[in-house]
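Number of protein chains: 2
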Amino acid sequence: MVIAQSGGPSMVINASLCGAVAAAKGKAGAGKIGKILGARHGILGILNGDYVDMRKISTRKMDAIARTPSSALGSCRRKPSAEDCRAIFENFKKLNVGYFFYIGGNDSADAARIVAEEAAKEGYPLVCWHIPKTIDNDLRSCDHTPGYGSAARFVACALRGDDLDNRALGGVKIDVIMGRDAGFLTAASALARQREDDGPHLIYLPEVPFSETKFVKDVKAAMKKFGRCVVAVSEGIRGKDGVPIGAKLGSGEKDSHGNVQMSGTGALGDSLARLLKEKAEVKRVRADTFGYLQRSFPGIASDVDRDEAFGAGFVAVAAAVKEAVSGTTMTGTIAITRKKGRKYGVNYEWRPIADAAKYARSMPREFIAKNGHDVTQAFLDYARPLVGELPPCEII
Amino acid sequence: MVIAQSGGPSMVINASLCGAVAAAKGKAGAGKIGKILGARHGILGILNGDYVDMRKISTRKMDAIARTPSSALGSCRRKPSAEDCRAIFENFKKLNVGYFFYIGGNDSADAARIVAEEAAKEGYPLVCWHIPKTIDNDLRSCDHTPGYGSAARFVACALRGDDLDNRALGGVKIDVIMGRDAGFLTAASALARQREDDGPHLIYLPEVPFSETKFVKDVKAAMKKFGRCVVAVSEGIRGKDGVPIGAKLGSGEKDSHGNVQMSGTGALGDSLARLLKEKAEVKRVRADTFGYLQRSFPGIASDVDRDEAFGAGFVAVAAAVKEAVSGTTMTGTIAITRKKGRKYGVNYEWRPIADAAKYARSMPREFIAKNGHDVTQAFLDYARPLVGELPPCEII
Numbered sequence: 001m002v003i004a005q006s007g008g009p010s011m012v013i014n015a016s017l018c019g020a021v022a023a024a025k026g027k028a029g030a031g032k033i034g035k036i037l038g039a040r041h042g043i044l045g046i047l048n049g050d051y052v053d054m055r056k057i058s059t060r061k062m063d064a065i066a067r068t069p070s071s072a073l074g075s076c077r078r079k080p081s082a083e084d085c086r087a088i089f090e091n092f093k094k095l096n097v098g099y100f101f102y103i104g105g106n107d108s109a110d111a112a113r114i115v116a117e118e119a120a121k122e123g124y125p126l127v128c129w130h131i132p133k134t135i136d137n138d139l140r141s142c143d144h145t146p147g148y149g150s151a152a153r154f155v156a157c158a159l160r161g162d163d164l165d166n167r168a169l170g171g172v173k174i175d176v177i178m179g180r181d182a183g184f185l186t187a188a189s190a191l192a193r194q195r196e197d198d199g200p201h202l203i204y205l206p207e208v209p210f211s212e213t214k215f216v217k218d219v220k221a222a223m224k225k226f227g228r229c230v231v232a233v234s235e236g237i238r239g240k241d242g243v244p245i246g247a248k249l250g251s252g253e254k255d256s257h258g259n260v261q262m263s264g265t266g267a268l269g270d271s272l273a274r275l276l277k278e279k280a281e282v283k284r285v286r287a288d289t290f291g292y293l294q295r296s297f298p299g300i301a302s303d304v305d306r307d308e309a310f311g312a313g314f315v316a317v318a319a320a321v322k323e324a325v326s327g328t329t330m331t332g333t334i335a336i337t338r339k340k341g342r343k344y345g346v347n348y349e350w351r352p353i354a355d356a357a358k359y360a361r362s363m364p365r366e367f368i369a370k371n372g373h374d375v376t377q378a379f380l381d382y383a384r385p386l387v388g389e390l391p392p393c394e395i396i
Numbered sequence: 001m002v003i004a005q006s007g008g009p010s011m012v013i014n015a016s017l018c019g020a021v022a023a024a025k026g027k028a029g030a031g032k033i034g035k036i037l038g039a040r041h042g043i044l045g046i047l048n049g050d051y052v053d054m055r056k057i058s059t060r061k062m063d064a065i066a067r068t069p070s071s072a073l074g075s076c077r078r079k080p081s082a083e084d085c086r087a088i089f090e091n092f093k094k095l096n097v098g099y100f101f102y103i104g105g106n107d108s109a110d111a112a113r114i115v116a117e118e119a120a121k122e123g124y125p126l127v128c129w130h131i132p133k134t135i136d137n138d139l140r141s142c143d144h145t146p147g148y149g150s151a152a153r154f155v156a157c158a159l160r161g162d163d164l165d166n167r168a169l170g171g172v173k174i175d176v177i178m179g180r181d182a183g184f185l186t187a188a189s190a191l192a193r194q195r196e197d198d199g200p201h202l203i204y205l206p207e208v209p210f211s212e213t214k215f216v217k218d219v220k221a222a223m224k225k226f227g228r229c230v231v232a233v234s235e236g237i238r239g240k241d242g243v244p245i246g247a248k249l250g251s252g253e254k255d256s257h258g259n260v261q262m263s264g265t266g267a268l269g270d271s272l273a274r275l276l277k278e279k280a281e282v283k284r285v286r287a288d289t290f291g292y293l294q295r296s297f298p299g300i301a302s303d304v305d306r307d308e309a310f311g312a313g314f315v316a317v318a319a320a321v322k323e324a325v326s327g328t329t330m331t332g333t334i335a336i337t338r339k340k341g342r343k344y345g346v347n348y349e350w351r352p353i354a355d356a357a358k359y360a361r362s363m364p365r366e367f368i369a370k371n372g373h374d375v376t377q378a379f380l381d382y383a384r385p386l387v388g389e390l391p392p393c394e395i396i
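Here the protein sequences come in this chain order: U and G.
For reference, each letter of the first sequence is one residue, going 1 to 396 in this note's numbering.
For reference, each letter of the second sequence is one residue, going 1 to 396 in this note's numbering.
Fair warning: there could be bad hints in the mix.
Each pair may be met inside one copy or between any two copies, as identical chains are not told apart.
As the list claims (entries may be wrong) - With a straight-line cut-off of 25 angstroms between C-alpha atoms, the simulated DSS-like cross-links for lysine-lysine are:
no., residue 1, residue 2
1, K279, K254
2, K79, K277
3, K224, K121
4, K283, K224
5, K277, K254
6, K279, K27
7, K94, K214
8, K32, K279
Hints listed in this document are in silico derivations from the structure and should not be mistaken for laboratory results.
Since this is a predicted model, take the numbers as computed values, not measurements.
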C-alpha cells in the first residue's frame, strides 16, 4: 500500500494519515496489506521513489504526528499526466503496490480519479481511494470536510480577539480569510460573536458578487450603528465578471490545476483598506490577511475535526480492503454525512471519487443572509459542532 | 482612584487592570481608596467624563476579564497637552480623584509622566503611577514587559506551524512580525525551533541595518542548505538611513506621539516577496503579516505573563498608596526585574516614570547573533520562561 498527502496542508490531515495507517496495521489490513509506504510530497514521491516505511514508525510517534499540523509526508500541487501515471504504475509494479490512498481536496481527488482511470485503462490492478481533506470545506461529496473545523476554529478565535481589539481602538478592521471558491471559512468568522454588537459586522463571501459601492455603503452604515466596524472578507470575493478581485491584484502565479495564487499576499486587504479611506471617509482602517496561520497553527485544532479526520482515514482503508476483496469496487472516496437528529454525529460512506473531484461546492443559499453580507442561523447551527467551544471573552 | 488603559492592546493588559482593582478593593486600598473609576479609552474617557464604576463589577466577571484579550476599558493613542491636563485636573477635582493609574507602553508612560508633572506644576495633589504593558518588550525600566510573553507565545506557535507548512510545500515563506523599534517579538520566532533544520532559518531585527543584497544572499544560502527557507522579519527593519522600510511603503499615517503606522498592512511582506522572486530566483515565495492577531488572539496567553501582568497592576496600587501615605513619592512606574539564580522568578520594584517613558529599549547586543540574521542562546534562555511550553510537533 502507498499513501500520500496532496494540496494545501491542514491542522488535521496528519490525523487522516494516522487513521489510514492504523487501519492498515490493524484488523482491516491483516493478511491483505504488507508494506505501508508513505510517499513524500504526494505523487512526486512516487515518481521519485521517495518512500517512508510507515510500519517502522512507533505508535507513540504516530500519535504525536496526528496532533501535528501540516502534511507530515510533505505535499505537492501536481495534476498527474498520462505519462506520470505510466511512471507511477511502473514504480508500483516493482514494489508490488495494490493499494493507493491519496489524502487531499478536490484537486487531489481529481488526481486520484485520473490515477484510477489510467490504471483501469492500462490494466494495472490498483485499488485507488481518495481521503477527503480541505480547510475550504468545498468537497461536493461531504457534509463537511476534515480540516475545516480546525481552520474555522482559528478564524472564529481570531475574529473574537480582533473584534475586542477593534472595540478598544475603533475604526474599521478588515480581515481577509482563505477560501478560493467557497465562503465556508470566512462564514465561520460569525461564530466569534457572543453579543449583539460583536463583530464581524460585515461578512463578504465569494458566493455573493462583490460591489465596491455596496461595500462602502455597508461600512458607512455599520460605522453609524456601532461606531466601529469589523469586516470578514473571503480572499475569493469576485465582482460581477466572476473574476476573483484578489487574483487581479496578485502575482498571477498558477499551479498545474490552473488555480491562481491568492494566499500569501496582503494585496486584497490593502486595496480594500485604501478604498475605505478614500470613499468611506474613515480615518483608521487596518487590514490583516490571516494567511497560512489558518491551516497550520498548532495547539488549537478542533477535537471533533481531528477525530473525524482520523475516522475518514481509518474507514477509507478498511472500506477499500473490504470492497476490493468482495469485488464490489476498486475505487472510491469517503463521504462524511451528518446523522439526523439533535445529537451531532457523522457517518462515513462510500462515493465514487468523481463526486469529490475537480468542481468545488459553494455555500448553499440557505446559509447566506439576504442582505448579502452575513450568514444565517442555519449556517451557525451547521458549523458550531464542527468548531467546538471557543474561549469565552468578557467585556466591561 | 481613576484607572485607564492606553496604546496597543495586549492579551494580558486586562489582567493588570484586574490586579490594580483587586488591590484597590482589598487591604491596600482600604480606608484610602473610595470609588474606583475606569476611564473608557484612556485619557479621552477622563476628558469626556466617561467612567465605569469598577466596584460594581463582580469578582467572577473580573476573573473572566483578566483572561480576555484586548483593553476592556478601551484605549487611545493621545499625548496629553497642557490644556488636556488642565481639563483632566478639573474633572478630577469634581470627582475628588487622588490616584491615577495608566496602563501602557512607553508612550503611555510618557503621558503619565506629563500628567504627573503638570499636576505638580498646577499644585493638584495627584498620586500618578504608570503600569507597564507592551508586546514590544521595549520598556527600558523592565527586564521584560507584561504582554510580551503572550505575544511571543503566539509568534513562536505560529512559526512552529508555519515552518511545517513550508516543509510540506517548499519555497520561501516570509513572516512579518510586530515591533516598531525593538526586535524582541520577532526574535521570539526562534523559540519555534525543535530540530536543527527547523525554521525560522533567517531572522531580521530592527537593531541590525537591513541590506537587500545581504537578504537575497542569505536566502539563497538557506535554500541551498535546507532546500527551503522560512524568514521572520520585524515590521521595523530599517536600512542604513535608519528609516523603517515598512514606513516608506505604508500610508504615512501618524499618531499624536509621532509614530508612523506600520501594522495593519501587508506592504512590507509583499515587497520583500517580490524582491526574492526577482533577485533570488525562487519560484514559490509567500509572505504573511501576522498583524493584530499577535496581540489579541484569545486562549493562548502565557500563564507566566498573565500572572505577572496581574502582579504589576496589584503592586502598583499597593505601592502607590504606601509611598503616598508615607510621603516618599507621589509618582512612579513598576519595574519588573528578574530574580538571580536558576529558578525563574521576578521582583516588582519602584522606578521613576521617566525610566519607562518615551524612548524605547532595543535588543541588547548579546541577544543578536554575529551573522546579523539570528538570535543567540542567551536570548533563548531569556525568553523561554516568559513564553512557556509550546505544543510539541513531530515530523516524519
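Evaluation of the provided hints:
Only between protomers do K279 and K254 lie at most 25 angstroms apart by alpha-carbon distance; the minimum there is 20 angstroms, versus 32 angstroms within a single protomer. Taking CA atoms no more than 25 angstroms apart as the test, K79 paired with K277 passes between copies only; the shortest distance there is 24 angstroms, against 42 angstroms inside one copy. Taking the closest pair of Cα atoms, K224 and K121 never come within 25 angstroms of each other, the shortest separation being 64 angstroms inside a single copy and 41 angstroms across copies. Taking the shortest alpha-carbon separations for K283 and K224, only the intra-copy value of 14 angstroms comes in at or below 25 angstroms, while the best inter-copy value is 45 angstroms.
For the homomeric pair K277 and K254, the shortest alpha-carbon distance between copies (14 angstroms) is at most 25 angstroms, but the shortest distance inside one copy (31 angstroms) is not. In this assembly of identical chains, the alpha carbons of K279 and K27 never lie at most 25 angstroms apart, being 64 angstroms within a copy and 54 angstroms across copies at closest. For a Cα distance limit of 25 angstroms, the shortest separation of K94 from K214 qualifies neither inside one copy, at 60 angstroms, nor across copies, at 47 angstroms. Taking the closest pair of Cα atoms, K32 and K279 never come within 25 angstroms of each other, the shortest separation being 66 angstroms inside a single copy and 52 angstroms across copies.
Going through the hint list in order, the structure does not satisfy hints 3, 6, 7, 8.
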